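K.L.:
Assemble the complex: chain A is given as a structure, and chain B must be docked to it using the hints.
Going down the list, the sequences are from chains A and B.
Numbering of the first sequence is given in this note's numbering, commencing with residue 697 and proceeding in unit increments.
Numbering of the second sequence is given in this note's numbering, commencing with residue 5 and proceeding in unit increments.
Derived from the structure by calculation, the hints contain no laboratory data.
Heads up, a few of these hints could be off.
Said to hold, decoys possible - Okay, derived cross-link-like pairs now, DSSO-like style, lysine-lysine, Cα gap no bigger than 27 Å in a straight line: (1) LYS132(B) with LYS151(B); (2) LYS98(B) with LYS820(A); (3) LYS825(A) with LYS98(B); (4) LYS796(A) with LYS104(B).
Said to hold, decoys possible - Per label pair, the in silico range of CB-to-CB distance: (5) TYR122(B) with ASN908(A): 47 to 53 Å; (6) ASP192(B) with ASP736(A): 48 to 54 Å; (7) THR148(B) with GLN733(A): 29 to 35 Å; (8) ASP37(B) with SER839(A): 28 to 34 Å.
In this text the structure is predicted, and so the values were computed from the model without any measurement.
Glycine included, C-beta positions come from ideal geometry on N, C-alpha and C.
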Amino acid sequence: MKVYFVRHGSTMFNEMHKIQGWSDTPLTSEGISVLEQTGDYLKNTHFDSIYSSDLKRAVDTANIIKDENLVSDTNIRTTKNLREMCFGSFEGDRGSDVLKYIIGRYGHVTEKDTDDPFTAIIAKGLLKKSDTSGTAENIEDVSSRIELVINQLRTENDLDSTVLVVSHGAFLETLVLKYFGENFDARGAFPDNGSITVTDLTDDDFKLEKFNVLPE
Amino acid sequence: MEVYFVRHGQTIFNLMSKMQGWSDSPLTDVGIDDLKKTGNYLRNVHFDALYSSDLKRAMDTAEIINSENEASSLNLQTSKNFREIFFGSFEGLKNTYIWKTICEPYGVTKQNELANKYSMSFVRDAMKKADPLGFAEGAEEIETRIKRGFKQLLDENDIDSRILVVTHGTFIKTLMMNFSDINIKPEDAFPKNGSVTKTVLNDDGFKVIDFNMLPS
Numbered sequence: 697m698k699v700y701f702v703r704h705g706s707t708m709f710n711e712m713h714k715i716q717g718w719s720d721t722p723l724t725s726e727g728i729s730v731l732e733q734t735g736d737y738l739k740n741t742h743f744d745s746i747y748s749s750d751l752k753r754a755v756d757t758a759n760i761i762k763d764e765n766l767v768s769d770t771n772i773r774t775t776k777n778l779r780e781m782c783f784g785s786f787e788g789d790r791g792s793d794v795l796k797y798i799i800g801r802y803g804h805v806t807e808k809d810t811d812d813p814f815t816a817i818i819a820k821g822l823l824k825k826s827d828t829s830g831t832a833e834n835i836e837d838v839s840s841r842i843e844l845v846i847n848q849l850r851t852e853n854d855l856d857s858t859v860l861v862v863s864h865g866a867f868l869e870t871l872v873l874k875y876f877g878e879n880f881d882a883r884g885a886f887p888d889n890g891s892i893t894v895t896d897l898t899d900d901d902f903k904l905e906k907f908n909v910l911p912e
Numbered sequence: 005m006e007v008y009f010v011r012h013g014q015t016i017f018n019l020m021s022k023m024q025g026w027s028d029s030p031l032t033d034v035g036i037d038d039l040k041k042t043g044n045y046l047r048n049v050h051f052d053a054l055y056s057s058d059l060k061r062a063m064d065t066a067e068i069i070n071s072e073n074e075a076s077s078l079n080l081q082t083s084k085n086f087r088e089i090f091f092g093s094f095e096g097l098k099n100t101y102i103w104k105t106i107c108e109p110y111g112v113t114k115q116n117e118l119a120n121k122y123s124m125s126f127v128r129d130a131m132k133k134a135d136p137l138g139f140a141e142g143a144e145e146i147e148t149r150i151k152r153g154f155k156q157l158l159d160e161n162d163i164d165s166r167i168l169v170v171t172h173g174t175f176i177k178t179l180m181m182n183f184s185d186i187n188i189k190p191e192d193a194f195p196k197n198g199s200v201t202k203t204v205l206n207d208d209g210f211k212v213i214d215f216n217m218l219p220s
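Okay, chain A solo, but in the shape it has when bound (with noise of 0.2 Å):
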């Protein structure tokens, strides 16, 4: 089956440069159009199914993703599956104090100045083990809900099916390197707001198409 991931639309604390995981804020009137954009895209493509983090961010643009859609007829499927990582007491935080505090108790995160501190700090389960309300997730968490999704899509729907699934930044980049890892460096697997990244899942196989497309 074709799986088309979405990344929802940018949202308040996306622009304000806050942590956002399980915390949610809502879409900005930019993040509305380039969804436009992003529907407008995909509006000849059948989806069979579309499910979404039940996030109200993912949900919105789910709906927004299905209002442009002309060839779909299908309900969202909501699921806490798809939820971003969640981040615990760093939720609503301000990125920069974050990161400040992380290098601060660990040292620098980072072996090139290339590389994204964040997907590092995410890679090293840092978040996880400083967090003070035993709620955040680290990569392998995430991984099991991943799993969960994926059985789930093989469940629901036929192999020869079109599905939308609009999840979330470190939740699709988890997904992306811990199947089709062997593409990306270590950094440039975090697809941005309102991109598309087309997949192939068979029963035993699962194939990467297209990463973070933008229609511009």
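P.N.:
Positioned in the frame of chain A, the structure of chain B alone reads:
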């Protein structure tokens, strides 16, 4: 018309004492359980209409109460008018730390101390002033929004209706401090999660009948 204002259930951000205005986080299990009790408490109350803020914690709260109610047949109507106060750049940051920063120029350290020294409206304007982006809602913006909410209820419903509105803590506190004639201190005017505040609204006024009621 009778308007019952219910504060949404406990969320992750409530637990972490993070500022949650237009940002949102999931209801906790404790929050959901408490809401089932609120719903049960209201099970035989007939409502003519159900409104909630368009933030997911309020919408989810409304759905839980609606599912427990046996005396009404309701479709949820969401409105931005009933959103919590917007805290701008302070969204997602720790409560006590933020208020300390905002109150410092005025010689106090806590929000309610500032409200007692001056007024609730002063507190809102102090926050807006302290917001580097100036995004936080000031007193006038909130008053306008609340009046718009009142007008929406009056325009869309018969004068003898009973309406349930799911909203937020500071919103209800503002109703108590600035719109009702009840003499109450700011530190006593913040409603608990899942509580019910019964009011009467008509063209010539707004009255609070019972504040912050919780099922025993």
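K.L.:
Hint by hint, note whether the structure agrees.
P.N.:
So, going through the hints one by one against the coordinates:
Between the alpha carbons of LYS132(B) and LYS151(B) the distance comes to roughly 20 Å, so the proposed pair stays at or under 27 Å and holds. Distance check on the hinted pair: LYS98(B) and LYS820(A) sit about 25 Å apart at the alpha-carbon level, within 27 Å; holds. Annotation: proposed proximity of LYS825(A) to LYS98(B) holds, straight-line Cα distance about 20 Å (limit 27 Å). Between LYS796(A) and LYS104(B), the direct Cα distance comes to roughly 22 Å. Compliance with the 27 Å bound is thereby established for this hinted pair.
A hinted range of 47 to 53 Å for the beta carbons of TYR122(B) and ASN908(A) is consistent with their spacing of about 51 Å. Roughly 53 Å separates the CB atoms of ASP192(B) and ASP736(A), a value that falls within the hinted 48 to 54 Å. Distance hint check for THR148(B) and GLN733(A): the Cβ-Cβ separation is about 34 Å, which falls inside the suggested range of 29 to 35 Å. For ASP37(B) paired with SER839(A), a C-beta distance near 30 Å keeps the hint of 28 to 34 Å intact.
Comparing the model with each earlier hint shows no violations; every hint is respected.
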